[in-house]
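Kindly generate the complete structure, drawing on both the sequences and the hints.
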Amino acid sequence: MIGYAEELIKHGKRADNRAFDEFRDIEIKPNHIEKAEGSAYVRIGKTQVIAGVKMGVGTPFADTPNEGVLMVNTEFSPLASPKFESGPPSEDAIELARIVDRGIRESHCIEMSKLAIIPGEKVWSVFIDIFVMDHQGNLQDAAALAAITALLNTRFPKLDENNKIITGEHEGKLPVVKKPVSVTVCKAGDKLFVDPALDEEGIVDSKMALGFVDDDIICAIQKQGNVGIEYDMIDSIIDLGMRKAKELRKLVR
Amino acid sequence: MKTRTIVIPGEYLDEKRGRKLGSGTYEENDKVYSTFLGIARISENELSVVPLSGTYLPKLGDRVIATIDEVEISGWFIEMNSPYSAFLPIAEAVDEFVDLQRTDITRYFDIGDIIFGRISRVTRNKNVQLSMRDFESRKLKGGIVIKVTPSKIPRIIGKEGSMIMMIKEKTKCEIVTGQNGLVWIRGEDKQKAIEAILTIDRESHMTGLTEKIEKMLGE
Amino acid sequence: MAKDLNKELIIDGLRMDGRLTDQLRDVKMEIGTVSSASGSAYVSFGHTTAIASVQGPRSLFPKFLQNSQTGILRVRYNMLPFSVSDRKSPGPDRRSTELSKVIRKSLEPAVILDDFPKATIDGFIEMIEADGSTRVTGINALSLALAHAGIPMKDLVAACSVGKINNTLILDLNGLEDNNSESDVAVAMMPNKNLITLLQMDGMLTKEEFMKLLNTAKDACGKIYEMQKMALLEKYKGEEQ
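Residue numbers (our numbering), protein chains in the order written: chain A, 112 to 364; chain B, 6 to 224; chain C, 2 to 242.
Hints should not be assumed to be uniformly reliable.
Said to hold, decoys possible - Capping the alpha-carbon separation at 25 Å, the derived lysine to any residue pairs in SDA-like fashion look like this: (1) C:Lys-238 / B:Ser-48; (2) B:Lys-173 / A:Asp-127; (3) A:Lys-124 / B:Val-150; (4) B:Lys-64 / C:Ser-69.
Unchecked claim - Non-contacting residues of chain B with respect to chain C, defined by C-beta distances greater than 12 Å in every case (computed): (5) Asn-50; (6) Asp-67; (7) Val-76; (8) Phe-92; (9) Arg-143; (10) Glu-165.
Said to hold, decoys possible - Each pair of labels, with its calculated beta carbon distance range: (11) C:Lys-4 / B:Pro-159: 55 to 61 Å; (12) A:Leu-362 / B:Thr-10: 42 to 48 Å; (13) B:Gln-106 / C:Thr-98: 53 to 59 Å; (14) B:Lys-25 / C:Glu-31: 35 to 41 Å; (15) A:Lys-157 / C:Met-212: 44 to 50 Å; (16) A:Glu-358 / C:Leu-196: 51 to 57 Å; (17) A:Asn-273 / C:Asp-115: 40 to 46 Å; (18) A:Glu-358 / B:Thr-10: 33 to 39 Å; (19) B:Pro-159 / C:Lys-64: 31 to 37 Å; (20) C:Asp-115 / A:Arg-364: 51 to 57 Å; (21) A:Pro-200 / C:Leu-196: 19 to 25 Å.
No lab work stands behind these hints: they were computed from the structure.
Quick caveat, the model's predicted, so the values are computed rather than measured.
For every residue, glycine included, the Cβ atom is placed at its ideal position computed from N, Cα and C.
What follows is the structure, encoded as structure tokens:
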């Protein structure tokens, strides 16, 4: 739609009649993929993402010899949007993965200290892969929801006496103690709104991706977009994000 | 086989029996098959299949809504919701004499302008020419453009224009439909018109669609 | 994982997942899974799940790739990192590059590209979960996505795998069977035309065994074709009136 979203938002309306502080309908399906140790399908409106967690046995980093290793990777498959291209991950895909990574890492939602197998030698590696299946706006919040849901139902693979993974057997759950969620607040002119659909994403001046942990603590921020945000608006942007984060967290199991 | 039924690619339609092959069909050993997922139309004179989906491909004579994409010395390249762009030569767009040596033709159309024109030439390699040399063709000023499934445009227009007339009357909006799957709307109550058109696009197969749209616009 | 040809995978005529030798796994097909694409489909055979989408026809750049006489079909097959037991590192590898090619070749005979000079039709297959027979599941899905995208075709393409385990001929190999098979064959067909568009074989078979398997595959492709047809009609139920 050409110029459509912009004009509506100026008049305080949205194409699908949502309120500015309203998300599209959200569907979350945990345990979507049997081959993964943890997984989730998330749909926000027509946007669809799948997160899968694979557990591996690896070596710890020198500065954290007794902690597990976390890696977040995002694939923007050209299947999901006419705008995505084949090839190495784009800037946008890497940025998205890194914001999700920060939300999880900095919130300390996984008890990394419990992921040592032989302290200093062998630890669990947690790989979170996020596949964007249908890009209709607000990938950030969908990806973060999928990642935390997948982590919450991740099981450890069983290990044999040589600490090799026994395929298909599991024991115990990944210790996940917090539920970080992301709310991306958009700004167009003097209007603030959440959960941008694709055509709305095209007309925002700027966006702020905000990560929140359970107790209203901010755990990640990324300002995006081409236009500066007025200093005086930051307060209300965070308030709006925090309010919506509480609602989203209720959906995470 | 019924005269109007959904067929899939490769599905057998009928013996050819000397009839004309319309679009969406192919023949092998005097037997006719569909190439599309679409609605088969089998009559005494012709066999054809109207696709249920698909990207717009320019056809001679089609009326399209298009956006000026590039300005050249002697005309404009036009984007029209299709894999193929079109060229609008100045002679097909402007009635008066234009001295190309001295005129910046953006005074007529500039990048981003939306126009309503007619496809006046399509070559085998899909080089497309647009013309505005008729009464209906014009620049569409203001308003907004929405995208729908190109094959749904006849549904939006309705039988003898009944559907589009109803929407225009009830919303007091100006509405122009392009066969390329774009609809231009201008007027105070365009929100309602947009909703109506998107509903037709989404639910064109539902029974009682006309009543539903009427009710929707009546509120 | 090392092949174990002696591993018992058929006991009292039943396979480890309870199937008969000539039985398909549970098949699910759905049209229109990806709203951002011109056409799309979801197909699962048991735990093997593919999503396919078609972008285009769209203009093709850089320009030297264009063919001014006809459109071209491009295909990318990809396995997601979490689709397999050992995480697959993202991005293309030699296997996925070959599969992308053979899948394209299996669909090209069906697709009519004359109407799209200079343009490209891009087909994408993502394996969400891989439990054997991924290439044929991908073909089934992409064939549906092409039809859904309104691309003209001479026929749908239906595909399945057949093979030999424990000296027994079987249909639709799952991952376990695939890993321990004496032989496996991937077949794609244009069922209405009786044309074979993909044929790949691994392992050893007598001619008799091979012909028998091919016949099983042909019957199965016919069944899969009917399921594809049902899925397409289901999507557009009610459009006739």
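Does the alpha-carbon distance linking Lys-64 (chain B) and Ser-69 (chain C) stay inside the 25 Å limit? Holds - the C-alpha atoms of Ser-69 (chain C) and Lys-64 (chain B) are around 18 Å apart, at most 25 Å.
Indicate whether the distance between the beta carbons of Leu-362 (chain A) and Thr-10 (chain B) respects the range 42 to 48 Å. holds, 44 Å
Does the claim that Arg-143 (chain B) lies off the interface hold, with its Cβ farther than 12 Å from every Cβ of chain C? holds, 27 Å
Would the hint linking Lys-173 (chain B) and Asp-127 (chain A) be met if the CA-CA limit is 25 Å? The given pair, whose Cα atoms are some 21 Å apart, holds under the 25 Å limit.
Would the least Cβ to Cβ distance between Asp-67 (chain B) and chain C come out above 12 Å? Given a closest Cβ separation of 15 Å, the condition holds.
Range hint compliance [Cβ, Lys-157 (chain A) to Met-212 (chain C), 44 to 50 Å]: Holds, since Lys-157 (chain A) and Met-212 (chain C) (Cβ atoms, about 47 Å apart) stay within the stated range.
Hint check for Thr-98 (chain C) and Gln-106 (chain B) - Cβ pair distance inside 53 to 59 Å: Holds - the Cβ-Cβ distance for Gln-106 (chain B) and Thr-98 (chain C), about 54 Å, lies within 53 to 59 Å.
CB of Asp-115 (chain C) to CB of Arg-364 (chain A), is that within 51 to 57 Å? holds, 52 Å
Could one say that the CB atoms of Glu-358 (chain A) and Leu-196 (chain C) fall in the range 51 to 57 Å? holds, 55 Å
Interface-negative label, Glu-165 (chain B) against chain C, beta-carbon threshold 12 Å: Fine: 18 Å to the nearest Cβ keeps Glu-165 (chain B) off the interface.
Is the Cβ of Val-76 (chain B) more than 12 Å away from each Cβ in chain C? holds, 19 Å
Look at the Cβ atoms of Lys-4 (chain C) and Pro-159 (chain B) and judge whether their distance stays inside 55 to 61 Å. holds, 58 Å
The structure shown violates the earlier hints numbered 17, 18 and 21.
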